[in-house]
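Chains A and B are the protein sequences, given in the same order.
Position 14 of the first sequence, counting from 1, maps to 14 under our numbering, and the rest follow consecutively.
Position 357 of the second sequence, counting from 1, maps to 357 under our numbering, and the rest follow consecutively.
Hints are computed from structural coordinates only; laboratory data are not their basis.
Everything numeric in this text was worked out from a predicted model, so none of it was measured.
Think of the CB as a built atom: it goes at the ideal place given N, C-alpha and C, for glycine as much as any other residue.
Be a bit skeptical, because a hint or two may be false.
As the list claims (entries may be wrong) - Which residues of chain B face chain A? A partial, calculated answer using Cβ under 10 Å:
{"hint": "1", "residue": "I77"}
{"hint": "2", "residue": "Y87"}
{"hint": "3", "residue": "P88"}
{"hint": "4", "residue": "L100"}
{"hint": "5", "residue": "A143"}
As the list claims (entries may be wrong) - If you want the footprint, here are the derived chain A segments under chain B, 3+ residues with CB under 8 Å:
{"hint": "6", "region": "191 to 203"}
{"hint": "7", "region": "208 to 214"}
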Amino acid sequence: MPFWRRESATPFLLLTPAMLTMAFVVVFPLVFSMYTSFTGFRLTKPASLYDWVGFRNYARILSDPEFWIPFGRTVLFLTVVLNVEFLLGLGIALLINRITWGQRTLRTIMMFPMMFSPILVGFMFKFLFNDNIGIVNNALQSLGLSDGAIPWLVDGKLAFFSIAIAEVWMSTSVFAILLLAGLFAMPRDPLEAAKVDGCNAWQTFRHITLPFLMPFAYIAMAIRSLDVARAYDIVTVMTDGGPAGRTEILWTLIGRVGYDNSRMGMANAMAYVSTILSILFTWYFYRKLVAARRYMGGAQ
Amino acid sequence: MAEITLEKVVKKYGAVNVVHGIDLTIAHEEFVVLVGPSGCGKSTTLRMIAGLEDISGGIVRIGERVVNDLPPRKRNISMVFQNYALYPHMNVRENLGFGLKIAGEAPDSITKRVDEAADILGLTPLLDRTPAELSGGQRQRVAMGRAIVRRPEVFLFDEPLSNLDAKLRGQMRAEIKKLHQKVRTTVVYVTHDQVEAMTLADRIVVMKDGRIEQVGTPMEVFNHPRSTFVATFIGSPPMNLLPATIDGGAVRLADGTVVPVPERLRAFTRDGQKVTLGIRPDDISPVGHGLSQDGPGAEVGMVAELAEPLGMESLIYTRLAGQEVLAKLYGPRIVQPGEALIFRMALDRAHLFDAETGLSVRAD
Ligand SMILES: Nc1ncnc2c1ncn2[C@@H]1O[C@H](COP(=O)(O)OP(=O)(O)O)[C@@H](O)[C@H]1O
Ligand SMILES: [Mg+2]
Chain A
1 MPFWRRESAT PFLLLTPAML TMAFVVVFPL VFSMYTSFTG FRLTKPASLY DWVGFRNYAR
61 ILSDPEFWIP FGRTVLFLTV VLNVEFLLGL GIALLINRIT WGQRTLRTIM MFPMMFSPIL
121 VGFMFKFLFN DNIGIVNNAL QSLGLSDGAI PWLVDGKLAF FSIAIAEVWM STSVFAILLL
181 AGLFAMPRDP LEAAKVDGCN AWQTFRHITL PFLMPFAYIA MAIRSLDVAR AYDIVTVMTD
241 GGPAGRTEIL WTLIGRVGYD NSRMGMANAM AYVSTILSIL FTWYFYRKLV AARRYMGGAQ
Chain B
1 MAEITLEKVV KKYGAVNVVH GIDLTIAHEE FVVLVGPSGC GKSTTLRMIA GLEDISGGIV
61 RIGERVVNDL PPRKRNISMV FQNYALYPHM NVRENLGFGL KIAGEAPDSI TKRVDEAADI
121 LGLTPLLDRT PAELSGGQRQ RVAMGRAIVR RPEVFLFDEP LSNLDAKLRG QMRAEIKKLH
181 QKVRTTVVYV THDQVEAMTL ADRIVVMKDG RIEQVGTPME VFNHPRSTFV ATFIGSPPMN
241 LLPATIDGGA VRLADGTVVP VPERLRAFTR DGQKVTLGIR PDDISPVGHG LSQDGPGAEV
301 GMVAELAEPL GMESLIYTRL AGQEVLAKLY GPRIVQPGEA LIFRMALDRA HLFDAETGLS
361 VRAD
């Protein structure tokens, strides 16, 4: 009897199509990109695919400020955006939790920014912050808060700030929704116990509500840290990493190196280093989440 | 001094009135139990005392102060909740010390007082665990510890034992009683369990539909129920109630059986009055097998339909005037279903209620 007719072979035979698909769309590209990161592969010279250079790409990256500055900027961007989104999302969730009428409608409206394509959000904010025709400058001037045209997307720091605003506008609702879910799930008893135990409103929030919400915040942060660490579209549309590379972040850099400069081997090496960043952030929030869940689970 | 006074206290949820003007004074260091069926407004009343629920009308005082508009933290109370309401993210030590920490107590004083409370309640080995790592009974203890550690003027309990199994409930009941003897404070305790009410209370407040039905010591409430509601709610198994008419100085039951009007109630009845005769199972027993052999009584013949032997006593299901009646036989004697027995009613312990109002005929 041939081996594929044996009963013990059946599960493997049945799994073969899935395995093949997986191999083709996941394993092969992964191995291939990993391989190219050890070559001097240039898109314009296919033969360079066989140009094995060992760890040279990685060695260059680790000593290259051209890489480390965008890397640091991405970490900073991530930190600023996540914190602002957390605080705003928390505020919005607390306010929406308070109202009794029109809550559903507001919850739906709140999700609108998430439904827009990031590219379009980028274009929208690019026009809002345009120094000549943008509504931001227009408003500031009309209100007499500024007399000149503020170069929102031209000055390095302001551009970073403008991009952060766009990112925050688009995704604060992720935090708001998850934290609101947390507030809905919050047991009322410990809050009342805290009131009886002598807490005023702020102390109740600080010692009871906030610790209860943190697992929900960590979920949002884990999701958003992956999102923001691979931010590309908004930045590309609004500043394309400019001016003079001052808003260059990891993935705009990688895109530029890989496709504009055709140095795909180097770009892939950068991508692998950046992936480690994402993994670290996610792992950090996941650990926090697990720790928080240990006491939250089954407490009542 | 923490006397609690409720004056015409009302609670409304929108148009729905759930507490209808309660008047009650709870003395300093008194243990008062609010008891009544589910939904009668016990928790609402307690929560108004705690400040967790707005007071729609009337006045609540703790000590000399009117507390209507004070938040809970300014009332110097502590409360034990039905679901314990522990802080899930704090360990037992932090749970116990939280109130003191908020009050700005010094850390070593907190440690000392938490250790003391933990000692009283046998929580010392559990201090480092989180609530998720405790059993129901242990959580219950932590909830009590959290209440006593702050040394408030008033303890409020909302059905603190209802989530425990029967055995643990009995133990904790005894511990609460001991605790009150050790830590003398005013206690308001809510329960739907009349056994808890009888065993714990200095005074019982029986509530029904947002009103107070009767207030009194456990013995007063048991021996002199003011209405058929109290009569059936307090005491287990519940009091038998038989419709009757006063006829020539006697109580005539629906089937014509006649028993004399109890001596002490004679002055309160008039001929032709429609009444309800109330008598506890303990006070109807086969002749020679009752609690009290002397005193005024009436003898009736009835057939035992079912008997539940409980060891030294048996509960007998029988029938009088077309109605099921519970009786008790004291002594280790087996009763066969269908056995005809002469029962003696201890009339000095029987009650008469007005059939219309359900109130005791005694005008008290
Ligand atoms: N938030 C609320 N809104 C409307 N009705 C309520 C609310 N809370 C309690 N009630 C009603 O008030 C009555 C008394 O409730 P409660 O005090 O909890 O009863 P219990 O004696 O069982 O503790 C019940 O009929 C309940 O349905
Ligand atoms: Mg209740």
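Taking the hints in turn, this is what the structure says about them:
no., hint, verdict
1, I77, "holds (6 Å)"
2, Y87, "holds (5 Å)"
3, P88, "holds (3 Å)"
4, L100, "holds (9 Å)"
5, A143, "holds (8 Å)"
6, 191 to 203, "holds (count 10)"
7, 208 to 214, "holds (count 3)"
Against the hints set out earlier in the document, no violation occurs for any number.
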